[in-house]
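Trainee: Listed below, chain by chain, are the residues.
There are 6 protein chains.
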Amino acid sequence: MATDFRLKDQLPNLTKRIVGTYDSLGSINHLGHCPLPSYDEVVAVLDDLDEILFPGYRRREGLHRSNVEFYVGDLIGRLHDRLTRQIGRALRHEAGATSDCNTIEDFEALGQAKTMLFLDRLPELRSTLATDVRAAYDGDPACKSPDEVIFCYPGLEAITVYRLAHLLYELDIPFIPRMMSEWAHGRTGIDIHPGATIGNYFFIDHGTGVVIGETCHIGEHVKIYQGVTLGALSFATDGEGNLVRGLKRHPTIEDRVVIYANATILGGETVIGHDSVIGSSVWITKSVDPHSTVVLEKPQLRIRDAAGAAK
Amino acid sequence: MATDFRLKDQLPNLTKRIVGTYDSLGSINHLGHCPLPSYDEVVAVLDDLDEILFPGYRRREGLHRSNVEFYVGDLIGRLHDRLTRQIGRALRHEAGATSDCNTIEDFEALGQAKTMLFLDRLPELRSTLATDVRAAYDGDPACKSPDEVIFCYPGLEAITVYRLAHLLYELDIPFIPRMMSEWAHGRTGIDIHPGATIGNYFFIDHGTGVVIGETCHIGEHVKIYQGVTLGALSFATDGEGNLVRGLKRHPTIEDRVVIYANATILGGETVIGHDSVIGSSVWITKSVDPHSTVVLEKPQLRIRDAAGAAK
Amino acid sequence: MATDFRLKDQLPNLTKRIVGTYDSLGSINHLGHCPLPSYDEVVAVLDDLDEILFPGYRRREGLHRSNVEFYVGDLIGRLHDRLTRQIGRALRHEAGATSDCNTIEDFEALGQAKTMLFLDRLPELRSTLATDVRAAYDGDPACKSPDEVIFCYPGLEAITVYRLAHLLYELDIPFIPRMMSEWAHGRTGIDIHPGATIGNYFFIDHGTGVVIGETCHIGEHVKIYQGVTLGALSFATDGEGNLVRGLKRHPTIEDRVVIYANATILGGETVIGHDSVIGSSVWITKSVDPHSTVVLEKPQLRIRDAAGAAK
Amino acid sequence: MATDFRLKDQLPNLTKRIVGTYDSLGSINHLGHCPLPSYDEVVAVLDDLDEILFPGYRRREGLHRSNVEFYVGDLIGRLHDRLTRQIGRALRHEAGATSDCNTIEDFEALGQAKTMLFLDRLPELRSTLATDVRAAYDGDPACKSPDEVIFCYPGLEAITVYRLAHLLYELDIPFIPRMMSEWAHGRTGIDIHPGATIGNYFFIDHGTGVVIGETCHIGEHVKIYQGVTLGALSFATDGEGNLVRGLKRHPTIEDRVVIYANATILGGETVIGHDSVIGSSVWITKSVDPHSTVVLEKPQLRIRDAAGAAK
Amino acid sequence: MATDFRLKDQLPNLTKRIVGTYDSLGSINHLGHCPLPSYDEVVAVLDDLDEILFPGYRRREGLHRSNVEFYVGDLIGRLHDRLTRQIGRALRHEAGATSDCNTIEDFEALGQAKTMLFLDRLPELRSTLATDVRAAYDGDPACKSPDEVIFCYPGLEAITVYRLAHLLYELDIPFIPRMMSEWAHGRTGIDIHPGATIGNYFFIDHGTGVVIGETCHIGEHVKIYQGVTLGALSFATDGEGNLVRGLKRHPTIEDRVVIYANATILGGETVIGHDSVIGSSVWITKSVDPHSTVVLEKPQLRIRDAAGAAK
Amino acid sequence: MATDFRLKDQLPNLTKRIVGTYDSLGSINHLGHCPLPSYDEVVAVLDDLDEILFPGYRRREGLHRSNVEFYVGDLIGRLHDRLTRQIGRALRHEAGATSDCNTIEDFEALGQAKTMLFLDRLPELRSTLATDVRAAYDGDPACKSPDEVIFCYPGLEAITVYRLAHLLYELDIPFIPRMMSEWAHGRTGIDIHPGATIGNYFFIDHGTGVVIGETCHIGEHVKIYQGVTLGALSFATDGEGNLVRGLKRHPTIEDRVVIYANATILGGETVIGHDSVIGSSVWITKSVDPHSTVVLEKPQLRIRDAAGAAK
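Protein chains in written order, with my numbering: chain Y, 1 to 311; chain H, 1 to 311; chain Z, 1 to 311; chain A, 1 to 311; chain S, 1 to 311; chain C, 1 to 311.
Accuracy of the hints is not assured; some may be wrong.
All copies of an identical chain are treated as equivalent in the list; a pair is satisfied when it fits inside any one copy or across any two copies.
[What the hints assert, rightly or not] In silico DSS-like pairs for lysine-lysine, Cα to Cα no more than 27 Å straight-line:
id, residue 1, residue 2
1, Lys-144, Lys-114
2, Lys-286, Lys-248
3, Lys-16, Lys-114
Quick caveat, the hints were computed from the structure, so don't treat them as lab data.
Build the full structure now, drawing on both the sequences and the hints.
Mentor: The structure is reproduced here in C-alpha cells:
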C-alpha cells in the first residue's frame, strides 16, 4: 500500500476541528449527559415481544404446551429488566435531569411502574392482534392461511409495532414509542404515529408509503392500501409563528371504511363516514357521509395513438 | 437500581395470563406442531443464491476462473441441503400434517425432488437476469456501468428475488416464495407477488411503492417507475360473502410498455397494449390499444400568486 | 432424513452448467478482476461517520468533553484507512485497470488524497446538518425535541447520507456515492441521487417514496413530504438511440418551497419559484412563479351514497 | 498485491490430489456417513448445564426465586432437544448404521429415552457438587468464599464436567462423554476419564497435569494437587499383541486420602488405604495401608556452593 | 424425528425438582442478590489492557505515533467505565450488601477511586513488562526477536496478567484478581496467585504446570521452567481444625535464581538464596544458601537391557 | 451511578503518560511499521487446514464423495490467499523492511511461492497423520475407535499443528510456525517446537505438560505420556555471555521408544536407543542403549503408619 504518512499526520488536527464543532453546534451531539435510551435495546425489546405475541413463528422452534410457559416467563422477566432501564432513561432525559445523574433511582422506579402497566396489557393486546390477523386473511384473496399473515405480511408487522408503541404512548413514555414506530417504518415503509388511535380488525395491504398521522382516529374493520396518506392540511402557528403542537390535525375514519391505493385524506376535521369506500388516488380534504363511495371521476387522460392522434 | 422486587413477583402471574391466551386465541400461535420454514434459513438461501447468480460482487472476493467452480459447487451443495429441509417443512405444513411429525420422510423426499427441479433452472435464470441488467443500464441515464446495476439497484434486487420466488411458486411450493418476496419488499419497497409472470428485459427504476399483483402478466422490455400499482379493481365474493381466490384480478402489460411514476393500473381484464407509454400519476381501469401514449390531461390545478390571485 | 444420494450426485453437473454461463454471460459476474469496493466496508464507513457527526446518540454511550476527542480521533484514523482502500478500489475499477492489479499503488495514493479532501469537509458538514435538524424540529408539530430528530427521523438519515455521498460525488469518486445512497434508500424509502445539490435547512417528513434525481437543484429551507418525485420528463437520445447521459433532466426548487405528499414535479427546465407551495398529489411539468400556491382544483370525484345515487 | 495467477491455476490440481487421499486413506475422513455428534452442540450443552447447576454465576444475571424456574425450565427444554439429537447421532454411529440413514427414528427415540434418564439425575448431581464446592473451600487457605470456588476454580470446572460425562458414560452413550471430558481437559489441564468413579467432597487444587484413568476408583473427601497421575502400569495384550480393553488398569484411592503435587500412582491393583497422605513427587506402584504417610526419603540431591564444593 | 411428546411432558416436573434444590442447597446458587462481577467483562478488560500495554501486536493494526494516542485514550476511557462497574460489584458483594442493592452508589464511587489508582500504575507497569520481555529474549536460545516473545510466549501472557491482577490485589479488590489469574491459568497452564510478589526480569519458559503460591516472594532476574511448583508444605489449622488463612506458606526465591523443569520447592520458611540453580525434578523443603547448585544425585534408576539383565 | 466526573478528567493526562512510554520503551510496541502477521488469521488458517486434513469431523456436516471436492477446492483457494498475505507480512518483518512498506510486492510474491510449496505437501501430510491416528488407536486401551482419536484426542491436535508448523519452518517462514505451535500449546498443554523432527506413528497420550525442544529428533512409533520433557541441559554462551542460538540442545529418541509420564530427558547428545522404555518420573541426562528399560529404582520413600512409626 502506498499510504503517505505525512497526510495521516494531518488527522489529529482535523480531529480537533471536528471536536471543536461539538461546542459551537451543541444541539446535535449528546455529550456529558446521562444516556439516552439505547436503540439496540429497544429493537431487542420488540423482538422479544414478537416472540411472546406470536409464539412459534420466528425465533424459537419446538414450542408446545408444556414448555411454552417457561419460555414466555423467561422472556417476560428479561423484558421487565430491559424496559425498566430504557423507560427510566427516557423519563430522566425528558425531565431534563441531565446535570445530576445520581437521581437515577427515582426514574428507574417510575420506569418499573410503567413497565408493569405496559406488560399487564399484553394478554388483551393479543386479542386485538388476533382480529388484525383475521382481517388480513379475510381481506386478501392472495392469502393462503392465517399463518402466512403472521409470517409474511408487513402490514401486520407495522400494526403490531404500532399497537405496542401506542400502549407506551398512552403511558406518557417519551422517545421510545417513536423509536419503535420508526423502526417498523424502516422495515415496512408504513409510518403509523404511535399517537393515532386504531380499532380492531385493521388491515393494511402492501403498505409501502402509508402515512397515518398522530391525531388520526380510525374505527374498526378498516382496510387501507399502499400509499394512503391520512395527513394534516396545514399547521396552526401561534403569534410568533411557531407551530402549535397537540391539536387534532389528522382525519377520522369511521368503521368499515376501505381506502384504496395512494388515496390522500387530509385535515383534522375531515370525517370519512362509516361503511364508505375511498377509491384509488382520490384526494379528499372534506368530510364524507357514511355509506359513500368516492372514486376519481372518469380520469382526465390524453390518449394518443402511435400516430400521435388524440382519441 | 431501584427495582422493586414486589412488582417483579407479579410477573409469574402475568405469564400465566399470557399463556392462557394461547389456548383461547389459537390461530395466532404455532405450538405443538412440526416446525414452519425458518425465516433465517430462507434469507440465507437467498444470500447464497445471490452469490451464485452474480459471483464476485458481494460476499466473496478474489474469485477467478480457476476457483469459481469450487466456490459455486460448494454453495450449490449447501443450498441443496438447506432448501430440501425448508421445502420439506413447507410441504408438510401445507398438507396439514401437524399431528404426526413422524411422517417426515415423505415430505423431505418430495422437498428434495422439488429442490432439484428448482436448482436445475438456475443456468437459464442467469440468462434472464442478464437481460434485466442490460435493461437497467440501457434505461437509466444516471447509470455508469452494468456493475453499478448489480451493485446498487434495488430494482434488480427485487426482480432477482421475484424470479427465484416465481420458480418456487411454479413448483407449487407453499409459504417460501412469499417469504422471499416480502423480504425483498422490506429491503426495496418493491412488492412483486411471486405469482406474477414477467418477461425478459424488465426494469424498475427507484421502485419504492411499486406493487405488482399475483395475476399480472407482464411482457418483455417493460419499464416501470416508483409508486406504480398494477392492482385489482375489486374482489369477487362467493354466495357467502367470502373472497373467491385464484381469479385473474390484475392487469396485463404487453411488450415494450413504459409506466411512469405513481401510475395506477387496475383490473384483471385491463390490457395495456404493446409499445404504449403510461404517464406519471395516471389512473387507468380500462384497456389501452397498442402504441398509445396516456398522460394526465392538462392538470387541474389552482395556482395563486403571493397576493392570492388565481392565475 | 430421506435424502436421496443419487439426486445429489447430479449437483456437480449442475455446477458445471452454472459456471459455464459465467463465460457466456460475462457482463453479470466479476471474475479475475481486482476487487470492487466492499459493500460491507462502505456501510461500516457510514456507521463510523454517523458516530462522528452525531456523537452520543447511537453506538457509544458515556461520551463527554474529556474523552470524546480520543473517540473521534480513533474513528477518524480508522475511516482514513478504510476509505483510502475502498476509494482506491473504486478508482482502479473505473480506470479499467482490470488486467494488472500490480498498479495498485497509484490508485491507493490517489484514494488517500481524495480521502483527505473528503474528511476535511466534515467540520463544515456538521454545520449544515445542524440546519437540517433545526428545520425538522421547526417543521413538524409532532416533534418533541431536536434529539428526537436525530434519533428517529428517517428524513434526517437520508439527508445525512446524501450529504456525505455528495461530497464524494464532487470528488469524482465512482461507485461509492451510489452505494451509500442506495443503502439509505433501502432503509428509509427515500431515494436522493448523490449528484443533486441541496441547500441548508432541508426537511423531508415521513419520506417513503421520495425520489430526487441526479440533476436537481434545491435551495434552502425547502420542505418535502412523502411520495414526492422530482424527476425527468423524458430522456434525450443520440443519433443511435442511446441515452445521452449528463444533461440536466430534473427540476430546480428555489428557497423556502414546500412540496406536499405525492406531488410530482418533472423536467430539467422546470423551476419552482421561491416561497411557493405545491399541494399534495399535484403533477407539474412547467415552471411556477415565486410565491405561488399550486393545489389540485376541486377534486374530480364521483361520490355515491349507499343507494348508489350520485351526489 | 503481486499475486501470480499462474500459480493459482495449480490449485485445482492440488485439490484433486488431496481429495484423492480421501479414498486411499479412508480411516481419517468422515464422508458419506450420517453425521457424528456436533462438537459445538456438545459444548453448548455443557454451557447450558452449567447455568442450571450453578445459576446466577455466569451467563444470566438478575435471577431470583420468582423467575429462576422459567429460566431453568426453558433451558431444560432446549437441553432435551439438543441432547436427544446428539445422543441419537452417537448411538447410530456406534451401531455402524452408516449405510442407511433412514433408520434415524429408532436411534432418536433411544436417544430421547437416555436423555430423560440423564436429566433426571441432575437434582441429585447438584447435591454432590455442593460437597465438592465445600471441599474446595475447606481445603484451600487462599480461598475467600464458596462463590470464589464456583467462579474461579478450574478444579471444580473439571469435576463438574466429569460428573456430567460420567452420568452419560453410565448410560452407555458413546463419544459424547469423552468429547466433554476433553473439552474440560483443554480448558483446565485436568484429564479425568468419564469412566472413573469418584466419591463426594472431591477437591483438585491448581490441577494442571492431573490425569485420572478410566478404571480409577476414588473414595470420598479425597484431595489431589497439580500434576498427579493415577495411571496404568502396563497394558495387557492378547495372544495377537492387541491391547485388551476394559480391564481395571488404574489405582483405587480410598476415603480421606490426600495426594500432593506431581505424585504418580500406578496400577490396577494398587490401593491407597483410607486416611493416607501421599507426598509431593512420590512414585508408587504398590498398595499402601490405611493411615499411611508416604513422602520422598530425604531427597537425593547434590548441592554445590558457588565454588563448586559439594555440601 | 421420533420425539415422544409424553416424555417431554415430564420436563416441567423435573424443572420443579431442580429448582427445589436451589432452596435446599443454597450455597451453590446466586439468586436474589445483587450481581457478581461479570466474567465476560473481566476478560474484555484484560483484552483492552493488552492493547494498551503492547500496542500494535494483536487487535488493532496500522497504529503509528500520530494516531496511537487517540486509540489508547479511547481504550482508557472504556476501561475506566468497565472497571468502575465491575470493581463496584466486587466490593459490594464482598461487603455482604446482598439485601439492599440500593446502596449501589457508595460502592461504585469506591470502585471508581480504586480504578483510578489502578490505571495510574499502568505507565510504570510497562517498564516492568519491558524487563520481562528482555528476560525472555535473553533466556531462550530458540527465540528469534523480542516481537516473538510478545506475540507467542505463554509465559509473558501469564506474567502480564499476574502483574495486572497483583495491582488490583494490592488495592484490596476482591474476586477480580483471581478471575483474571484463573483465566490466564486456563490459557497457559501457568497458575500464579495474584498475591505473590515477583521482581523484574521474570521469565517462565514453556510454563505448563507452573504453580506459584499466594505468599511467594520472588526476586529479580528469576527464571522458571515448566512444571515448577512453589507451594506450601502443609496448612496450619486453628483449634477447631479450620484452616488458618493468611500465613506465609510459600517459599522465597532470591535474585538471579534459575529453577529447572518440574522442580518442587515447598514451605513458607524455605529460602532459595540468590544466584542459585535448582535442577530439573528436584524436590526441596529446606532453604538453600546463595550461589548453590542443586541437582538430583545420580538418578536412582534400574536399567535393564533387552534380555532383562540389570546394568 | 455515582461516577465522579472530576476523576474522569484525569484520564487524558494518564493517556499522555502511557503513550509517552511508547517512545521510551520502544521494544514492546509495534508502531509505525508495516503490519505483523495477524494472530486471528493464522488461527483461521489452522481451522481451515483441519477441515481439509480431517474432513467431516468438525465444521461442515453432510460431506460425501460428490461434494467434498468443491468444499476442499474452495478452502484451498481461501487458504492460498490468506497464507500468501500472512507469510508475506512475516517475511517483510523478518527482513526488517519496516521503513518502506511500498516494497510489499516482493514479499507477497515470495509469500505466494512459499505458500504453494506448503500446500503442495498436504496430500503427503495426510498419509503421515493417518499413521498418527493409527498409533493412538493401537496405543490406548481406553480408545473405542479411530473416529474418537480425531474427534477428542489433544495429542493428535498438537501433533497435527506441529506437522503443519514444521512444514512452514522448513520453508524458512518466520513467526508463523511459532504462532501456530503456541496456539496448540494453549489448547492442549503440549508444547512441541516447530523445529523438532518427528517420525510417523507418533502418539502422545493425555499430554498436558509435554515439552519437545527445537532440536529434538524423534523416530517412528514413539509414544509419549503427559509431563514428559525432552529438553536442554544448559545453554552455550559466546565470549560475551550471549546465548549461542542454533546448536543441537535437545535429545534424540530412536524408533519404538516409549516414555512414560513425567520423565525428563535432557541434552543434545543424549540418545535413547531404539526399542527402549523410559519409566514414569525418570530423569535422564545420558544416552541409553537400544532395547533398554529404565525405571526408578525402588522408590526412596518414607512410609509412616497412623501412629507415626516408620515402616
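Trainee: Broken hints, numbered, in rising order?
Mentor: none
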